[in-house]
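Asker: Residue-level listing of the chains:
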Amino acid sequence: MKNMRTYLWALLVIVIIAFAIQYTYLGIYSSGYNFGTIELAGTSEGAAILQNWYNSKVDSWSLLDYARANTYMDFLFIIAYAGLLCSISYHLMQREKHVFINELLRWCLPMSLLAGFLDFVENGILLFDMHHFQPGHIFYPSMYVSYPKWILSGLVLFIWIISFTARLVPSRK
Amino acid sequence: MYISKQPQAQKIVTGNGDPEKQNLIDLLLLNRIGHKQLQRLQGGIDADDLSDIIQRIYDLNEKYILKLSAVDGLLRKLNDIKNEWRNDRFKKEIKHKFRDSSNKKVILAEGDSWFNYPVILTDIIDRISMDKDFAVYSLAAGGDWLLNMLSARNYVEQLSVIHPDVFLISGGGNDLVGSARIAAVVDPQGASMEFDKCEFAKYLIENAHKDKVPLDKNRFDKGVKHLSKDFFALLMFFHLQYYFLIGGILRNARKKGDKFYGIKIITQGYDYVQPSFNKSFGLNPLLWYVPFIRSFLGHGTWLKRPLQLRGILNDDVQKDILYAMIYLFNEMMINIGRLFNETDCCHVCHIDSRGSIPSNGWTDELHPRPEYFMKTARIFIDCIKETQSPTYEHVYIVNQFYSEI
Numbered sequence: 001m002k003n004m005r006t007y008l009w010a011l012l013v014i015v016i017i018a019f020a021i022q023y024t025y026l027g028i029y030s031s032g033y034n035f036g037t038i039e040l041a042g043t044s045e046g047a048a049i050l051q052n053w054y055n056s057k058v059d060s061w062s063l064l065d066y067a068r069a070n071t072y073m074d075f076l077f078i079i080a081y082a083g084l085l086c087s088i089s090y091h092l093m094q095r096e097k098h099v100f101i102n103e104l105l106r107w108c109l110p111m112s113l114l115a116g117f118l119d120f121v122e123n124g125i126l127l128f129d130m131h132h133f134q135p136g137h138i139f140y141p142s143m144y145v146s147y148p149k150w151i152l153s154g155l156v157l158f159i160w161i162i163s164f165t166a167r168l169v170p171s172r173k
Numbered sequence: 001m002y003i004s005k006q007p008q009a010q011k012i013v014t015g016n017g018d019p020e021k022q023n024l025i026d027l028l029l030l031n032r033i034g035h036k037q038l039q040r041l042q043g044g045i046d047a048d049d050l051s052d053i054i055q056r057i058y059d060l061n062e063k064y065i066l067k068l069s070a071v072d073g074l075l076r077k078l079n080d081i082k083n084e085w086r087n088d089r090f091k092k093e094i095k096h097k098f099r100d101s102s103n104k105k106v107i108l109a110e111g112d113s114w115f116n117y118p119v120i121l122t123d124i125i126d127r128i129s130m131d132k133d134f135a136v137y138s139l140a141a142g143g144d145w146l147l148n149m150l151s152a153r154n155y156v157e158q159l160s161v162i163h164p165d166v167f168l169i170s171g172g173g174n175d176l177v178g179s180a181r182i183a184a185v186v187d188p189q190g191a192s193m194e195f196d197k198c199e200f201a202k203y204l205i206e207n208a209h210k211d212k213v214p215l216d217k218n219r220f221d222k223g224v225k226h227l228s229k230d231f232f233a234l235l236m237f238f239h240l241q242y243y244f245l246i247g248g249i250l251r252n253a254r255k256k257g258d259k260f261y262g263i264k265i266i267t268q269g270y271d272y273v274q275p276s277f278n279k280s281f282g283l284n285p286l287l288w289y290v291p292f293i294r295s296f297l298g299h300g301t302w303l304k305r306p307l308q309l310r311g312i313l314n315d316d317v318q319k320d321i322l323y324a325m326i327y328l329f330n331e332m333m334i335n336i337g338r339l340f341n342e343t344d345c346c347h348v349c350h351i352d353s354r355g356s357i358p359s360n361g362w363t364d365e366l367h368p369r370p371e372y373f374m375k376t377a378r379i380f381i382d383c384i385k386e387t388q389s390p391t392y393e394h395v396y397i398v399n400q401f402y403s404e405i
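Residue numbers (this note's numbering), protein chains in the order written: chain F, 1 to 173; chain S, 1 to 405.
Certain hints may be false.
To be verified - What follows is a set of in silico ranges between Cβ atoms, one per label pair, in the way DEER data are often shown: (1) Leu74/S - Gly136/F: 44 to 54 Å; (2) Val161/S - Arg95/F: 25 to 35 Å; (3) Arg167/F - Phe292/S: 26 to 36 Å; (4) Ser295/S - Ser62/F: 44 to 54 Å; (5) Ser62/F - Glu84/S: 42 to 52 Å.
What the hints assert, rightly or not - Calculated pairs, EDC-like style, for lysine to aspartate or glutamate (alpha carbon to alpha carbon, straight line, at most 20 Å): (6) Lys264/S - Glu157/S; (7) Lys36/S - Glu20/S; (8) Lys92/S - Asp80/S; (9) Lys104/S - Asp165/S; (10) Lys255/S - Asp165/S; (11) Lys97/F - Glu93/S; (12) Lys229/S - Asp59/S; (13) Lys97/S - Asp133/S; (14) Lys97/F - Asp133/S; (15) Lys279/S - Asp315/S; (16) Lys97/F - Glu371/S; (17) Lys132/S - Asp382/S; (18) Lys97/F - Asp131/S; (19) Lys222/S - Glu206/S; (20) Lys97/F - Asp382/S.
In case anyone wonders, no lab produced these hints; they're calculated from the structure.
Note that the structure is a prediction, hence the values are computed from the model and not measured.
The beta carbon of each residue, even a glycine, is placed where N, CA and C say it ideally should be.
Work the whole structure out from these sequences, hints included.
Answerer: See below:
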């Protein structure tokens with residue numbers, strides 16, 4: 001528990017490196033749609049992306065297969081970033097003397113967890129779409145959980161910035 | 001360090017089985033001990049006597065009481081995690097030559113959930129630790145009983161190792177309300193005359209600075225009529241425990257060269273806790289943790305349910321009972337400080353939280369919202385740094401500082 005944050009940072013870095021390797025490997029065969037674009041895609045755009053991945057092959061694997069592997073790996077990324085958002089918010093909170101900002105940082109705890117939860121749901125929807133993909137088949141967009149996820153994560157970061165900025169103001173008791 | 005006797009006290013016995021001491025203990029348990037007799041008893045009390053008294057108050061053997069008071073399971077883990085973080089920070093600060101400057105203070109904290117609320121809330125010690133002039137080593141544990149603190153003696157070991165400038169202590173709340181014990185010290189009929197028979201409690205009320213912390217006589221009178229002799233025995237037991245604990249430290253702090261010379265001891269008194277089952281769901285998203293904590297962390301089981309169990313169903317009567325208990329508890333703590341400050345000048349201060357938390361300022365039955373913890377902590381900081389004078393004698397009344405928070 002003592003080294004929890006170190007483990008989470010390590011996990012985050014490892015997953016980012018794995019993503020980077022995968023992207024570099026697949027980059028030369030770029031389809032025009034990186035794996036991140038699908039999470040905010042609407043019904044028709046999402047179907048087009050899946051179709052494109054389905055048709056693109058790399059070493060006898062379709063990009064759709066790579067996207068599925070990428071999504072599984074993303075679960076580890078979620079654990080790492082949501083855990084870090086929580087942990088850093090908590091430590092900032094326990095150093096924040098200003099009552100209102102202290103409360104805001106406490107609010108970051110459930111927001112971070114909710115962002116992680118929404119990301120899990122998003123991945124579930126995407127895996128469903130990939131698993132059941134057939135040309136012309138309906139696409140269920142994950143954007144309805146992806147946008148709130150990004151908003152929540154952004155809010156957490158914004159509150160951190162408020163906390164850091166407020167610390168620069170002198171004479172806070 | 002062996003802590004057994006108190007400074008400047010009349011030592012009346014030398015061992016167990018002393019008939020006079022046994023007689024005084026019997027009188028205490030019956031709530032028939034005179035104030036002077038209590039003073040004589042406190043002079044000769046030792047750890048075995050304290051153990052004997054608590055077994056007889058609770059009607060349980062020592063092993064079971066220690067089991068009852070032990071902090072176990074998830075709560076213990078959460079306590080340990082928080083203390084681990086705090087104490088790592090302490091070690092880092094010490095490593096950076098913290099003790100080079102005389103303005104910096106090393107603090108040892110022992111206490112309950114007001115000093116270590118597991119994870120979610122910013123408690124008193126969290127706020128004190130934010131001050132760059134302090135390095136705080138924490139032994140505090142949510143749910144810990146004063147009895148446990150005294151029997152485990154972790155603070156004794158750390159006092160000797162750390163040699164703190166300040167020792168903070170908060171305890172007694174769980175001894176009273178833990179494991180639904182409050183049900184055992186109330187009289188549901190509301191016709192108890194035990195307050196009138198308790199010379200010590202009457203002395204506390206007579207000597208209370210009612211101009212500083214007003215006494216609502218009507219509420220107090222209604223409340224004490226529901227307090228049984230066991231409550232007053234427990235109150236006097238707290239007095240003996242604190243006398244034993246503080247006396248043991250100050251015995252080694254009287255003159256230059258003594259182990260703890262110059263140490264300051266700060267005690268903590270609770271505000272009037274609020275019996276309630278209300279989950280407090282509301283629209284303010286910043287208070288998300290209130291219904292969460294109230295739903296999962298014991299809210300209603302410490303006060304409301306045990307009182308209902310004894311047939312005390314009226315909300316106002318329940319609040320009056322707690323009002324009387326907390327008023328007496330704080331006065332007992334103030335009296336302890338007064339006793340030591342008479343002989344060992346200005347070593348002991350008391351932070352009095354009575355009336356500092358509004359009715360909507362509680363996270364659950366026993367704990368304020370973080371903003372009020374932080375408000376109380378600012379008084380601790382002022383007391384340690386001596387940037388504010390006490391409200392009177394050695395007492396800082398939280399409500400009279402910082403109207404804004």
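Asker: All the hints need checking, so say for each whether the structure fits it.
Answerer: Against the structure, the hints:
no.: 1; hint: Leu74/S - Gly136/F: 44 to 54 Å; in the structure: 52 Å, holds
no.: 2; hint: Val161/S - Arg95/F: 25 to 35 Å; in the structure: 26 Å, holds
no.: 3; hint: Arg167/F - Phe292/S: 26 to 36 Å; in the structure: 28 Å, holds
no.: 4; hint: Ser295/S - Ser62/F: 44 to 54 Å; in the structure: 48 Å, holds
no.: 5; hint: Ser62/F - Glu84/S: 42 to 52 Å; in the structure: 49 Å, holds
no.: 6; hint: Lys264/S - Glu157/S; in the structure: 17 Å, holds
no.: 7; hint: Lys36/S - Glu20/S; in the structure: 14 Å, holds
no.: 8; hint: Lys92/S - Asp80/S; in the structure: 18 Å, holds
no.: 9; hint: Lys104/S - Asp165/S; in the structure: 9 Å, holds
no.: 10; hint: Lys255/S - Asp165/S; in the structure: 15 Å, holds
no.: 11; hint: Lys97/F - Glu93/S; in the structure: 19 Å, holds
no.: 12; hint: Lys229/S - Asp59/S; in the structure: 14 Å, holds
no.: 13; hint: Lys97/S - Asp133/S; in the structure: 12 Å, holds
no.: 14; hint: Lys97/F - Asp133/S; in the structure: 14 Å, holds
no.: 15; hint: Lys279/S - Asp315/S; in the structure: 16 Å, holds
no.: 16; hint: Lys97/F - Glu371/S; in the structure: 10 Å, holds
no.: 17; hint: Lys132/S - Asp382/S; in the structure: 14 Å, holds
no.: 18; hint: Lys97/F - Asp131/S; in the structure: 9 Å, holds
no.: 19; hint: Lys222/S - Glu206/S; in the structure: 17 Å, holds
no.: 20; hint: Lys97/F - Asp382/S; in the structure: 15 Å, holds
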